[in-house]
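Engineer: Sequence:
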Amino acid sequence: MANHKSALKRIRRNEAVRLRNRYQHKTMRNALKKLRSEEKKKDAEAFLPSVVSMIDRLAKRNIIHANKAANLKSKLAKHVAAL
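In numbering that gives the first Met the number 0, the protein residues as written are 0 to 82.
In short, the hints are calculated from the structure, not lab data. Note that the Cβ used here is the ideal one computed from N, Cα and C, for glycine as well. There could be a bad hint or two in this list.
Simulated restraints on C-beta separations [what the hints assert, rightly or not]: (1) 55 - 0: 33 to 43 Å; (2) 21 - 69: 20 to 30 Å; (3) 81 - 6: 48 to 58 Å; (4) 53 - 5: 28 to 38 Å; (5) 5 - 65: 29 to 39 Å.
Build the full structure now, drawing on both the sequences and the hints.
Structural biologist: What follows is the structure in structure tokens.
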């Protein structure tokens, strides 16, 4: 166990950040599933910008890798265009 006050605080903070990152990542994955299951092109086109924004935010905060974000956005755009 940590002996320093700052180390104890860092442990608490790391746990809080980990849970927040996990929540945001899971929320993004659920949005991806919702977008992929969308049948109507108009609805998918309306929902796409919010999902892309979510992906960009996660990439900016290093929750997901920048290349993964680019790949996801590209695949989603192709999927929506093909509807």
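Engineer: It remains to establish, for every hint, whether it holds in the given structure.
Structural biologist: Each hint tested on the structure:
1. 55 - 0: 33 to 43 Å: Given about 39 Å between the Cβ atoms, the range holds.
2. 21 - 69: 20 to 30 Å: Once the Cβ atoms are compared, 22 Å apart, the range 20 to 30 Å for residue 69 and residue 21 holds.
3. 81 - 6: 48 to 58 Å: 52 Å Cβ-Cβ, so the 48 to 58 Å window holds.
4. 53 - 5: 28 to 38 Å: At roughly 33 Å between Cβ atoms, residue 5 and residue 53 fall inside 28 to 38 Å, so the hint holds.
5. 5 - 65: 29 to 39 Å: holds (31 Å)
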